[in-house]
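*Asks:* Chains as they are written, first to last, in my numbering: chain Y, 516 to 957; chain V, 1199 to 1431; chain W, 943 to 1344.
Derived from the structure by calculation, the hints contain no laboratory data. Yeah, the Cβ is synthetic: ideal placement off N, Cα and C, and Gly gets one too. Treat each hint with caution, since some may be false.
Stated by the list, open to error - Beyond 12 Å from chain Y on every Cβ pair, some chain W residues (computed):
id	residue
1	Asp1008
2	Arg1099
3	Lys1185
4	Thr1242
5	Trp1245
6	Gly1254
7	Val1304
Unchecked claim - In silico DSS-like cross-links for lysine-lysine, where the CA-CA straight-line distance does not exceed 27 Å:
id	chain 1	residue 1	chain 2	residue 2
8	Y	Lys955	Y	Lys857
9	V	Lys1282	Y	Lys955
10	Y	Lys798	Y	Lys955
11	Y	Lys676	W	Lys947
As the list claims (entries may be wrong) - Covered, in the sense of this in silico footprint (three residues per stretch, anywhere, with C-beta under 8 Å from a C-beta of chain Y), are these stretches of chain W:
id	segment
12	961-969
13	1205-1216
14	1219-1230
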Amino acid sequence: MIGYYISLALRSLRGTPILSALMVAAIAVGVGASMTVLTLNYMMSQNALAHKNDVLYAVQLDSWDPNQTFNRGDGGNDIPLQLTYQDATALLRSDIPARQVAMHRYGFTVTLEDSEARPFTAETRVSTRDFFALFDVPFIYGGTWAEDADLSPEQLVVLSKATNDRLFGGADSVGQIVNLNGEPFTVVGVIDNWNPSPKIYDLNNNPFADSEELFIPFGLHRRFEMVSWGNTNGWSAGDNGYEGYEARLFGESVWIQYWVELNSAEQKSQYDEFLTGYIRQQKEQGRFPRPLKFALTPPSEWLVLNDVLEDDNRVLGWVSLAFLLVCVVNAIALLLAKFLRKAPEAGVRRALGASRHAIFMQHLIESMCIGVLGGLFGIVLALIGLSGIRALTLGIADRIASMDWLMMLAAIVLAILASLLAGIYPAWRISRTNPSVYLKSQ
Amino acid sequence: MLNMHNIRKSYRTDTVETHALRDFSLSVDEGEFVSVTGPSGSGKTTFLNIAGLLETPTGGEYHLDGQEVSGLSDRERSRLRNEKIGFIFQGFNLIPDLNLFDNIDVPLRYRGFDSKERKRRIEKSLEQVGLSARVKHLPAQLSGGQQQRVAIARALAGEPRFLLADEPTGNLDSLMARQVMELLELINQAGTTIVMVTHDPDLARRAHRNIQIVDGQVSDLRNTIGAEEAAVA
Amino acid sequence: MLELKPMLSALWRNKVAALLIALQLALTLAIVSNATVIVMERIDKMARPTGMDLENIFSVTFKPVDNNYDMAGAMQADLDLIRSLPGVIDASVTHQIPLSGSGSASGYYTEPNQVVGSFTANYYQTDPHFIEALGLNLVEGRNFLDNEMYTIGQNDRHNPAVVIVTKRFAERVFPDESAVGKFLYAGADDHPTQIIGVIERHLGAWPGWSLGGNAVFVPLFVTNKQAHYVVRTESGQRDALLKQVEAQLAERDPERVIKLATLSEQLAESYVGDNLMVKVLTVVIALLTLIVALGIVGLTFFWINQRTKQIGVRRALGATRANISRYFLVENSMIAGSGLLLGAAGATTINEILVRDLSQPVLPLSLLFLCALLLLSVSLVAALSPAMRAANISPAVATRSV
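Pulled out of the complex, with its shape left as it was, chain Y reads as follows:
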């Protein structure tokens, strides 16, 4: 019977091409607009660490100013989003977490010995060795550095696939030398393509930036007097008894991102205790002047806490859904007009043995056909809308303004739902009209 209804629907749509086109257009425009915005919001809300959401935690310690809370917009929890260097190195000494990472962003000038290639600046992640295992980063060649390199300066480097392609033409470069700021570094590993968006492991600055091109051990700070190439927030400019770069390392500025992997509830509660103990001990030494507060946040909540989806994105999301609603109301009106014009035919069908239910289904399926067509055109409109957004955002949103198969499927489903919503009342109305009215001759 469904096949029959579909053939009737297509015949009916062909019968009134202008009205049908208007309805398809209403659904297509509504779906196109909402899918453009919803795709953007969906891509911005991706959690690349969803599969480890139960075991990974971003660590925050409230080491902030006694006179005011750390305040960053309305999405925060009043605790600094990063740690001080001294706290990060202290936490690294705990053996409770299965894995832990202290890190920040930096930049090096890259050159190769005996190469004519122009030097270039490479985004660099300065991190402890667990980075790759904790975030599930795949290696092509080699692997991470040994633990020693995070404690004492060893000039080792892991290259991204793109960097290895650029420097070594994609060959196994483990053991080769790369000059960073003119100093020789030995390649220990090359990772495969890995570029989570949003960049969940470090949401400071642009959350949709590409992941880094180089990775170097955490033990090199003093050797290169590195500072963060991301946000650094401070509150105490006072003298802390250290001079030069040491004053920076032992200062109260926060600039280190810290993640732990805790594989059981037991590990988690042990770690809670450990952090409580650490803050208590620091308080005795005159640090941590605020009430004792820390937070362990899983990836999904970390995205919310960092306001990755901004207010503007939410506004656009709601606007686009309201837009779709107007299109649905519009389609209700047009469908009502179309169906009531065909009321005599429905009367004949009733006389020939169609039940109200059959008439209802026939017209609902006609609405669904409009929905499917609207959905297909809606995908086209959404693709146009997204390319418009890519152009407007000057390349910043290139990776988030693109549709995957799931979103295309969602567009069709949304269109069918919208058309069903639009079709229910008109189909019900025509299935309820008294057939005898239309059977009497003209």
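Mind docking chains V and W on chain Y? Use the hints.
*Replies:* Just chains V and W now, with coordinates in the frame of chain Y:
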């Protein structure tokens, strides 16, 4: 075949209540050809709609083929209408954007026949009304008489026990009207019960029995004319 | 003269169709008015003057290959070279590029050893050329002197003796009096820093920042792993000089990575989000109005078709064409009016939520009224052609049988 007892039907608008049928009783036997006449507004159409299960009576009993139908659900009534009743209208009521094949196909679709069976029945019924050659034509390409024959073919395709005709010749000239009438008589002779509403006393007389409705009631149950007598008159 | 009562009862019988039109207009008004106020706010925001000679400035960033590079020497040589090029008005060193989204902010106090009650400002470590190099306007006091300029290492501490501030910051910290000659403190510290000059305007590093326009300039060069310059050229020579500077700096010392960008590019990038809001919402407003207009046209046509007979009877009974089209237009305005009234209530409620939870601007009543008026006229225009069609229905329709 059809048995109505004390059927009442009233319509209600905002202010007035109109009684279309009052204590209407009628019995039609299997194989009969009954004509129904009466002045405009007497309740003929209401009777036909109730008989054809398009409307439900406000009160009374209605047995169709031995089954009490007034309490049935819409779905059951639709099935009965589909299987046991064929409709013929004054205005033919063919669906204008379907060709003859698809028009006759409509009741068979709701019946749930497979495509082979549907094709067989459509071809057979078109042959019965002599229009096999026009199967791909649209209704608008046919004359009025041909359209009415298609409508009859559509009514017959489901092999109903019971045919309801509402002024079947009202829109036709006399020659075409005669052809249609002869077709109906042929169908009746083959065993189908027919109830026909008409204005035309000549047509009415050609039925086995004539019933007159006045003010929503049967005016004279004894007014029965045999087919032979009608032919003489 | 206007038959309101029969009109209302006709509306009641077609209540679903009337309701659908009214509902569409209500939703549209709610969306369009709120979208308009957001668009207007963003356009105003993007049109704010930056205080700089935006179109004629580009920035230079360089990072040497060698870890132990003579940054101070290179800076002096680079700037001397750039300033010597014909067409260059001036160039200065700055620790961050204005409008780039990268910047520094600090809290300033008015009393020594204060720890609460600071005034936050965006600060720049720059040199005495910055006013000329950015095309700023010094409205009070004086520029830095060459001997007030210091060069320090990355980890060295330095308390500046003098600063120049923007007028906006000056008025916030010292309302109703001149800031020139006043002192600022870094907090928990008693080292005084004197304000020697006031700049008319400088939007700073983050145009979207709530404190944007509060800026402080310090005469200081910190030798770091990279350095930035800003270069201002004669009008129209920016793009040519950008290429020339890139080539000459690379030639002077090839052992470094050099990156150049115009300030207008930086500004466009920092307004990407606002620009996106403006464009997307404008498209939404336009499409929505179009769709609603088409819906009204379609539905009114259908409705008039439904009532052809009734219209014919009216015409037969003596109604003029004008009577008929007026009837439908009045009917349309009644529906539209009630829809827009509902929409106005919806718009206000939605705006309250937008203001409270999503940091959007307040919708002024005048704008809401203007949007409603606009939609009312759109609805009337949309109903015009069907109403004319209705007026052309022949009275003869009435005499045709049912």
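*Asks:* For every hint, state whether the structure bears it out.
*Replies:* Each hint tested on the structure:
| no. | hint | verdict |
| --- | --- | --- |
| 1 | Asp1008 | violated, 4 Å |
| 2 | Arg1099 | violated, 8 Å |
| 3 | Lys1185 | holds, 16 Å |
| 4 | Thr1242 | violated, 10 Å |
| 5 | Trp1245 | violated, 8 Å |
| 6 | Gly1254 | holds, 15 Å |
| 7 | Val1304 | holds, 14 Å |
| 8 | Lys955/Y with Lys857/Y | holds, 15 Å |
| 9 | Lys1282/V with Lys955/Y | holds, 21 Å |
| 10 | Lys798/Y with Lys955/Y | violated, 93 Å |
| 11 | Lys676/Y with Lys947/W | violated, 78 Å |
| 12 | 961-969 | holds (count 5) |
| 13 | 1205-1216 | holds (count 4) |
| 14 | 1219-1230 | holds (count 8) |
Hints 1, 2, 4, 5, 10 and 11, counting from the list given before, are not met by this structure.
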